[in-house]
Amino acid sequence: MSLTDTRILLVIGGGIAAYKSLDLIRRLRERGARVRCVMTEGATRFVTPLSVGALTGDKVFTELFDRDDEHDVGHIRLAREADAIVVAPATANLMARMANGLADDLATAVLLASDRPLLVAPAMNPAMWSHPATRRNVATLSGDGAHVVGPNAGEMAERGEAGVGRMAEPLEIVEALRSMLAARDDDDGIRGILAGRHVLVTAGPTHEPIDPVRYIANRSSGKQGFAIAGWLARAGARVTLVSGPVGLADPEGVDVVRVETARQMLSAVEEALPADVAVMAAAVADWRAVSESGSKIKKDGSGSIPALELAENPDILATVGRHSTLRPRLVVGFAAETDALLDNATAKLRRKGADMIVANDVSPEHGVMGGDANTVRLVEEAGVSAWPTLAKDEVARRLVREIARRLAAS
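Going by the numbering used here, the sequence shown opens with residue 421, and the numbers climb by one from there.
Keeping only pairs whose Cα atoms sit at most 20 Å apart, straight-line, the calculated EDC-like set for lysine to aspartate or glutamate is:
1) Lys-479 to Glu-450
2) Lys-772 to Glu-732
3) Lys-768 to Glu-800
Honestly, the hints are just simulated from the structure, not real lab data.
Note that this is a predicted model, so its numbers are computed, not measured.
Sequences are here, hints too, so could you generate the full structure?
Structure representation (structure tokens):
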């Protein structure tokens, strides 16, 4: 698997093997990865943040309670803005804190806040590695989903010491990372199921003009739909993404069609059919102005309020879900609700001819619209699956897996 543009967060622990992290950064960047680093306090005793930053070309993060660090990124965003996390070297102390869910420094706080694939490269004295407490901690981390590479046998930094405890070599760590991510991307044979299939995705809001300055819109950022399109493309699908006005870059390998209004989105969707799968993630405006003013509507000083006559916009999900000749094999809709979430989502599933509805509560206190995380319920005729709060990128990955599951079963 290529690491090109893969976002790697490297956590450097405080052991003598920390010097190898410099070579690891170089190896990762040679393969196109984008590397950010978090260093424990102990790590800074062996290699300097200046050296690490010179190799990554990015800021190095060291302090949990550093005002500048938290303002710039914050430990939650550090956790979410990575495709994978590598801990190298992972000392006995660092692994013990990880296994017990501690978050007493920046490194452990980031690790506890992350749901990303985790690769751990232990490094310690052979006696520490063989101690029952360390073995229990490794078993706990593995049981929690971490992948462990090494340690290797050989001479240790301490004079006369030899045995199992040397950190795996940087190239070994790179290959272990590639294998871990490749297995994740092809989880349950997803690539084999989706390869070559045409998937239509919609994302973002629509803007319905009132006059040349004003429009009817909503707070959708398009992040969830763009993440879904990206994961589908990585799984080998041929993806058409019809997007409303958003400030996001085109996902790699995705054919993006940019539109403004609901009627333009419907036209682009119909033009993109036929498709094997449709994922209607856009937050389409329900209403539009009957007539758009050709000039800016101004106050005239009389205190009178201009009337705004509205017309109902076309229902894009229902159009696709009820299409008489070009209905995709699988139609996935989204339900953004502020109350009666499951009742409204179930009604939408049946009324609009969808096979799945991804339901989420978009009340302002949840921060879903425009935010980086989502808490969803996957509604099907067979029942409801409740997912925990996840980064939108992880929601996208899980949804792509569900889509592949449904296609394989149909």
